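Q: Okay, here's what each chain looks like letter by letter:
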Amino acid sequence: MNTSDYFQLFSALAPEVIVVLTALLVLAADLLGLQDTPRSYRMSIAAGLTTVGCAGAAGWMFLNPVVRNWHNGMFVIDPLNEVVKAVILLLTVFTAMLSVEAKFTRHVGEYFALLLLATVGMMVLASTEDLLMVFASLELVSLSLYILVAFDKSSRQSAEAALKYFLFGGMSAAFLLFGFSLLYGLTGTTYVPRMAHKIFTLGPDPLATVALVMIVIGFGFKIAAVPFHLWAPDAYQGAPLPCAAFIASGSKVASFYVFAKVMLLGFSQLGWGDGSSAASGWIPLLSIVAALSMVLGNLAAIRQTSVRRLLAYSAIAHAGYMLIGFLALGGEAFASLLFYVTTYTLTTVGAFGVLGVVEAQVGGGSLKDFAGLSRRSPVLAACLMVFLLSLAGIPPLAGFFGKFYLFAAALTNESQSLPFLWLVILGIAMSCVSLYYYLQVLKQVFVVEADENARPLAVPFLAHAVVVLLAAATVLLGCMPGWLLDTLHAAIVESSW
Amino acid sequence: MLAWTIYFSFAGALACLLTPRANPRATRAVALGTALAGLLCGLMGAVQFKPENGIEVITNVRWIPALGIDFSLAADGISVTLVLLTGLAAVAGVLFSWNVEHRTNEFFAFFFALIGGVYGVFLSLDLFLLFVFYEIAIVPKYFLIAIWGSTRRDYAAMKLALYSFIGSGMVLIGMLAAYAVSGLASFDLQTLAQHSFAPEFQHWAFPLVFVGFAILAGMWPFHTWAPTGHSAAPTAASMLLAGVVMKLGAYGCLRVAMTLFPEGLKMWQHELAALAVTGIVYGALVALVQKDFKFVIGYSSVSHMGFVLLGLATLNLVGWSGAVLQMFSHGVIAGLLFGVVGRMVYDRAHTRELDALEGMGLLKAMPFAAVTFVVAGFASMGMPGFSGFIAELQVLIGAWQAFPKLAILAGVGIVVGVVYTLKTTAKVFFPDKPDAAEAHEDHAHELEPISVPERLGAALLILCTVIIGLHPRLLLDLIVPSFQSPLFDGLRKAAGL
Numbered sequence: 001m002n003t004s005d006y007f008q009l010f011s012a013l014a015p016e017v018i019v020v021l022t023a024l025l026v027l028a029a030d031l032l033g034l035q036d037t038p039r040s041y042r043m044s045i046a047a048g049l050t051t052v053g054c055a056g057a058a059g060w061m062f063l064n065p066v067v068r069n070w071h072n073g074m075f076v077i078d079p080l081n082e083v084v085k086a087v088i089l090l091l092t093v094f095t096a097m098l099s100v101e102a103k104f105t106r107h108v109g110e111y112f113a114l115l116l117l118a119t120v121g122m123m124v125l126a127s128t129e130d131l132l133m134v135f136a137s138l139e140l141v142s143l144s145l146y147i148l149v150a151f152d153k154s155s156r157q158s159a160e161a162a163l164k165y166f167l168f169g170g171m172s173a174a175f176l177l178f179g180f181s182l183l184y185g186l187t188g189t190t191y192v193p194r195m196a197h198k199i200f201t202l203g204p205d206p207l208a209t210v211a212l213v214m215i216v217i218g219f220g221f222k223i224a225a226v227p228f229h230l231w232a233p234d235a236y237q238g239a240p241l242p243c244a245a246f247i248a249s250g251s252k253v254a255s256f257y258v259f260a261k262v263m264l265l266g267f268s269q270l271g272w273g274d275g276s277s278a279a280s281g282w283i284p285l286l287s288i289v290a291a292l293s294m295v296l297g298n299l300a301a302i303r304q305t306s307v308r309r310l311l312a313y314s315a316i317a318h319a320g321y322m323l324i325g326f327l328a329l330g331g332e333a334f335a336s337l338l339f340y341v342t343t344y345t346l347t348t349v350g351a352f353g354v355l356g357v358v359e360a361q362v363g364g365g366s367l368k369d370f371a372g373l374s375r376r377s378p379v380l381a382a383c384l385m386v387f388l389l390s391l392a393g394i395p396p397l398a399g400f401f402g403k404f405y406l407f408a409a410a411l412t413n414e415s416q417s418l419p420f421l422w423l424v425i426l427g428i429a430m431s432c433v434s435l436y437y438y439l440q441v442l443k444q445v446f447v448v449e450a451d452e453n454a455r456p457l458a459v460p461f462l463a464h465a466v467v468v469l470l471a472a473a474t475v476l477l478g479c480m481p482g483w484l485l486d487t488l489h490a491a492i493v494e495s496s497w
Numbered sequence: 001m002l003a004w005t006i007y008f009s010f011a012g013a014l015a016c017l018l019t020p021r022a023n024p025r026a027t028r029a030v031a032l033g034t035a036l037a038g039l040l041c042g043l044m045g046a047v048q049f050k051p052e053n054g055i056e057v058i059t060n061v062r063w064i065p066a067l068g069i070d071f072s073l074a075a076d077g078i079s080v081t082l083v084l085l086t087g088l089a090a091v092a093g094v095l096f097s098w099n100v101e102h103r104t105n106e107f108f109a110f111f112f113a114l115i116g117g118v119y120g121v122f123l124s125l126d127l128f129l130l131f132v133f134y135e136i137a138i139v140p141k142y143f144l145i146a147i148w149g150s151t152r153r154d155y156a157a158m159k160l161a162l163y164s165f166i167g168s169g170m171v172l173i174g175m176l177a178a179y180a181v182s183g184l185a186s187f188d189l190q191t192l193a194q195h196s197f198a199p200e201f202q203h204w205a206f207p208l209v210f211v212g213f214a215i216l217a218g219m220w221p222f223h224t225w226a227p228t229g230h231s232a233a234p235t236a237a238s239m240l241l242a243g244v245v246m247k248l249g250a251y252g253c254l255r256v257a258m259t260l261f262p263e264g265l266k267m268w269q270h271e272l273a274a275l276a277v278t279g280i281v282y283g284a285l286v287a288l289v290q291k292d293f294k295f296v297i298g299y300s301s302v303s304h305m306g307f308v309l310l311g312l313a314t315l316n317l318v319g320w321s322g323a324v325l326q327m328f329s330h331g332v333i334a335g336l337l338f339g340v341v342g343r344m345v346y347d348r349a350h351t352r353e354l355d356a357l358e359g360m361g362l363l364k365a366m367p368f369a370a371v372t373f374v375v376a377g378f379a380s381m382g383m384p385g386f387s388g389f390i391a392e393l394q395v396l397i398g399a400w401q402a403f404p405k406l407a408i409l410a411g412v413g414i415v416v417g418v419v420y421t422l423k424t425t426a427k428v429f430f431p432d433k434p435d436a437a438e439a440h441e442d443h444a445h446e447l448e449p450i451s452v453p454e455r456l457g458a459a460l461l462i463l464c465t466v467i468i469g470l471h472p473r474l475l476l477d478l479i480v481p482s483f484q485s486p487l488f489d490g491l492r493k494a495a496g497l
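For the protein sequence lines, the chains are G and D, in the order given.
Counting from 1, one number per residue, gives the positions in the first sequence under the numbering used here.
Counting from 1, one number per residue, gives the positions in the second sequence under the numbering used here.
Simulated from the structure, these hints should not be mistaken for laboratory data.
Note that the structure is predicted; figures quoted are calculated from it, not measured.
Treat the hints with care, since some could be wrong.
[Claimed, not checked] Pairs of lysine-lysine residues, derived as DSS-like cross-links and limited to a Cα-Cα distance of at most 30 Å, are as follows:
(1) G:K443 / G:K368
(2) D:K159 / G:K368
(3) D:K159 / G:K443
[As the list claims (entries may be wrong)] To give an idea of the interface, some chain G residues facing chain D are shown, with a C-beta separation under 10 Å as derived from the structure:
(4) L329
(5) K403
(6) A408
(7) V424
(8) P481
(9) H489
We treat Cβ as the ideally placed atom computed from N, Cα and C, and that holds for glycine.
Could you put the whole structure together from the sequences, leaning on the hints where they help?
A: So, in structure tokens, the structure goes:
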């Protein structure tokens, strides 16, 4: 390899490099120059730098659109990856903005640097088709997130959540690595498409089955699907709010994207069982995981009194819906999955934004603390209604169209036998359950009156802006889903999926 | 012209929300203006409408091309009839909720969001669009009952929301399956109706979609939301629930389930008719023994909606047009009945117990209410000269041709209807305990007099039922030719017409 190649690689990696440099800059600026200034000032500077860095990275991607594959899939750039990376950057910016008012830490520089490092990990995760790189970048994401969860040093819950998240995450990494190494032993390559070809030509092999199960377990932890979900409610509850929002959004997008890529690229041609060429091996497995997640997540959410835990269980349920997008195989289903993940994460960040204001101003995040919110802050209440109804799947909000498209894609794939009809029925039935608990929250917000002495909430400007922006996006993506849909379709076609 | 009903209503909802909370008079003015604008648009549309043209397309814009979804609104005689009904119910609803002082602006915002959704359903030609409007109507219902309702409002509101959502979930499954199986990549109702689905498919898809819609139409045994919902709801909301929301369900049965799966209707015709007649008789019998005034009307709604479903199941033109006419007729009469019970009686007497009302001397205290209720009661019983007579007669004739035995049973239901109406009227307004009435003479004077808006609303509705009763061709000339349009080709073929 000569030097010009390195230069090209460097310029292709520029978005990631920009984010890394931003991380270093934030760290340096905060440690060297701003130690004596008030915390809110430091927070604003750091968040501003983060925003500029992320915007720069995204801008670079759109100004220099390349399609290339370096070193057998070590680093791949195609339009689809860029869309996913743009979404991740956007989520990072929103998380940073939500962090500005947070009071849980004095270590501003470290906090934002870790946030940005996690973002870099997610970006690399999105643009690689090599198992080694997948593992390395996943570790970068995970390690940053473990620390972020523990960042509230004054809170025991935060420490407990981090420990739990770390232990579960470590286990999942072990499973994943075991699965990857089995695959490498079997095929002699870590490049996913080549590995897929090897597996296909090798034919049915018990080792491949074991590897597959290991990989599903490993990623199952990351996306918090039942039965690998146990860390999620505690992590959501104990983590500082912006970190919980980030785990629920950015990490979700990246994990789902890479999981889908490994499964669809790597195993979609698996020929075993009855000899059918479709991925008959893992479809039953994932169907069960999806069904369990939908049922357990939604049923457990009913009993929650803490809104964070409620959102955590609803996240588990939504992971179940998203898994349906895997099963249908093919571009349409993949587009529907990405649409769902994108709209879901935007909505969730918005809900966390509202939750953050309520926690900070009312002093708690249980259902009762939302009582009379419609009087105390009408705008936040209206936005929360948009977010929760979108999560429940009420039109014309983005969540409805996401579900609709996902289910339509699952059914149209093999439209004569309708193999996934039962999952679609289960999914729709479980959405009815979910409406119940989302309405429980909204009942507190709109129906129950606040205490006598409850005053209007003083909502920070930035939180207001983020929440309103996200609510508008939820409505717009629901009313005009064509825009994101066409982008995804075009990207998928160009990326030759 | 007709499409403006939808836009006006949603704009009105927003305008009501933005009026100052402290100034309910402004809100009422906006609300009345919106409702009148909707009614006027409906009337002008009806005058311009040429029934012999079949379906008139109003707008047709590509919406989400990737899935073959259009924003297409269209009207035939059935839609026009129901749009008029909605306009009437909206105006009467505003007039009867003139006394809402608690969070007036939000009340009317939810009210018109519901109305807008209802107009939208009646005018949609695209299945997806129809479904979107259908679901938009769910959330406002919940809040109208939960915030402004009375007896057990939490329970009733949640029950109604979940029943509606489950029903729409069933519709969604059937709709997605039909989309997938047809392979037409279109949600246009006319296109889908021309596709002949395999009989095995229709065998399960038809009952799924039909029952999904019929839950909202109060079909026995899924009617239980109706009495509780109607009685817990504030007056305007019960007027809308019984007046138009139940029609949404029946309209969906006719417009979607029956046109898409005509063979399915043929297979399930007898079962459906049996359920409908059970509803008629059961509703009437239960109304006979109710102790709560509103529950009497609630169960009578179940009974009268049974006629709609029976008419739909007859598979002949007389039955169908009778069913549509009954939708209109019951919408007007039920609105009137709930207006009297909820606004005139309950808001003043603060009780709905028949035994308590008996001793209040309501005849002397509010003669206007007594007269209105007697007229409405006659209309509801199906006395000649009122709209209910023509409608139920047509349904019975149609039913006689299709299933004579069930027609006789339905006739029994009418007789029971006469009994409970007379019994209730006598008990509330003409008690045979003159002493008790004398004793409460003083109490009677404390009741505030019937206000002008109430008189106007009642007069409007009475006028409608009388006009249609005396000159039913006004509507029948709209309704009957509709069944000749290509949308109903398959249905007519299945019926052998």
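Q: Hint by hint, note whether the structure agrees.
A: Here's how the hints hold up against the structure:
At most 30 Å may separate the alpha-carbon atoms for a hinted pair to count; K443 (chain G) and K368 (chain G) meet this at roughly 10 Å. Of the supplied pair hints, the one linking K159 (chain D) and K368 (chain G) holds, its CA atoms being roughly 22 Å apart against a limit of 30 Å. Our distance criterion of 30 Å between C-alpha atoms is met by K159 (chain D) and K443 (chain G), whose separation comes to about 14 Å. A cut of 10 Å between beta carbons decides the hint on L329 (chain G): the least distance to chain D is about 15 Å, and the hint is violated.
The criterion of a C-beta within 10 Å of any C-beta in chain D is met by K403 (chain G), whose closest approach is roughly 9 Å, and the hint holds. Interface hint status for A408 (chain G): upheld, as the beta-carbon distance to the closest one in chain D is roughly 6 Å, under 10 Å. This hint holds: V424 (chain G) has a C-beta 7 Å from the nearest C-beta of chain D, less than the 10 Å allowed. Interface hint at P481 (chain G): satisfied, since its Cβ lies 6 Å from the closest Cβ of chain D, which is below the 10 Å cut-off.
Proximity of H489 (chain G) to chain D holds as hinted, the smallest CB-CB distance being about 6 Å (cut-off 10 Å).
Violation of the numbered hints given earlier is confined to hint 4; every other hint is satisfied by the structure.
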